[in-house]
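Novice: In order, the protein sequence lines correspond to chains D and S. Anchor point for the first sequence: position 118 equals 117 in numbering that gives the first Met the number 0, and the numbering is continuous, going up by one each time. Anchor point for the second sequence: position 36 equals 35 in numbering that gives the first Met the number 0, and the numbering is continuous, going up by one each time.
Keep in mind the hints are simulated off the structure, nothing from the lab. Possibly wrong hints are sitting among the right ones.
Computed from the model, here is a short list of chain D residues facing chain S with C-beta under 10 Å [to be verified]:
(1) Leu174
(2) Phe178
(3) Phe240
(4) Val246
A few chain S residues that don't get close to chain D, going by computed Cβ distances all over 12 Å [to be verified]:
(5) Leu1
(6) Arg3
(7) Asp9
(8) Gly21
(9) Ile31
(10) Gly56
(11) Ala71
(12) Leu72
(13) Ala73
(14) Gly76
The model shown is predicted, which means the values in this text are computed figures rather than measured ones. From the three backbone atoms N, C-alpha and C, an ideal C-beta is built for every residue, glycine too.
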Amino acid sequence: MTAPLGLEFPPISHLIRWPDLLFEDTPYAINKTTIIYFLAVLITLTFFFVAGRRAQLVPRGVQNMAESSVEFVREGIIMQTIGPDGLRYLPFLLTMFFFIFFINIFEIIPLFQFPGNARMAVPFILAILVWFIYNIVGIAKQGPLGYLKSSTIPPGVPKPMLPLIALIEFVSTFLVRPFSLAVRLFANMLAGHLILVTFAVLSAALWGKNISLVILPFPFLLLIALTGFELLVAFLQAFIFTILTAVYIGLSMHPEH
Amino acid sequence: MLLRFLAEQDPGELVDGLTALGRGVVYGGAAIGPGIGIGLVVGNAITAMARQPEAAGMVRTTMFLGIAFTEALALFGFVLAFILS
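Sequences are here, hints too, so could you generate the full structure?
Specialist: Here it is in structure tokens:
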């Protein structure tokens, strides 16, 4: 697709697909996205392994960072949404937060510059995992029928409205929740990637034209500002995914009366 | 006159153009409601924080939750705009 002024914007499939590097044309092919996933797992593992290997009473360096991150997830996410009896989900939520955050942060790391979550695979799998966890927790805590009742029939609904409300609540609890959880993460990272690509393409196109030297710095400055903004988005999306997981688990554990 | 102009165009190009137009309309339409909604959420959260600064931490967490729920609708529109072809 050619645009006016000779600006060549690549089609979207070129922006999110990478050539296979290893094991081409097999289901196990490795490309940049896969490498980002592997690196995210590795960084998360190494971070907590190094931090916990020689734990000291007075934390320093990596241990300090790890302890403050644990406290952030405990005080900022679990205590706010589930309460003290949700602390057993701390390891799960903590590792999920860091896994998503490290995948997202590759969006602004030079040479990678691609958020792995701009492909649907990892958000989708994580959302399905969360779906199973909150349903199993709800069934274990309230029994199958009790869980179904508490999640489809909100308290204080007038009788004639009940079938409609129950249907809407059922769809929103069991079908829309995992879908919106996955799409929220995926679409935010894809949108951020597209914005960065747009301004990078614009800067590169202006670089080759002498006439437009007057407006040359502006797209580039905006690109730098947006890179900082994407750092915030990468953190915020990991935080929102984790806190929504905690909210769903909390709703399964303590239904509204 | 518009109809005659449209009839003279290549149908393939016409479909492409209308698809591009539809994508814009889909995303633009999907962004209106959530835009207003996020404005309401954040505005009220700021009011709450200004009135009761000691509750700012709790308000902020709830604000992000509200933003996340509201924003999902806009993102459905964003994804739908790409799926359209």
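Novice: All the hints need checking, so say for each whether the structure fits it.
Specialist: Hints and how they fare:
1. Leu174: Not OK, violated: Leu174 (chain D) not within 10 Å of chain S, min 13 Å.
2. Phe178: Interface hint status for Phe178 (chain D): holds (9 Å vs cutoff 10 Å).
3. Phe240: holds (9 Å)
4. Val246: holds (7 Å)
5. Leu1: Leu1 (chain S) is indeed farther than 12 Å from all Cβ atoms of chain D, at 22 Å.
6. Arg3: holds (25 Å)
7. Asp9: At roughly 16 Å from the nearest Cβ of chain D, Asp9 (chain S) sits farther out than 12 Å, so the non-interface label holds.
8. Gly21: Given that every Cβ of chain D is farther than 12 Å from that of Gly21 (chain S), nearest at about 16 Å, it holds.
9. Ile31: holds (17 Å)
10. Gly56: violated (8 Å)
11. Ala71: violated (4 Å)
12. Leu72: With a cut-off of 12 Å, Leu72 (chain S) comes too close to chain D, as the shortest Cβ separation is near 9 Å.
13. Ala73: Contrary to the label, Ala73 (chain S) does not stay out of reach of chain D, its closest Cβ about 9 Å off (not over 12 Å).
14. Gly76: Gly76 (chain S) not clear of chain D: closest Cβ-Cβ about 9 Å, inside 12 Å.
Violated hints, in rising order: 1, 10, 11, 12, 13, 14; the structure is consistent with all others.
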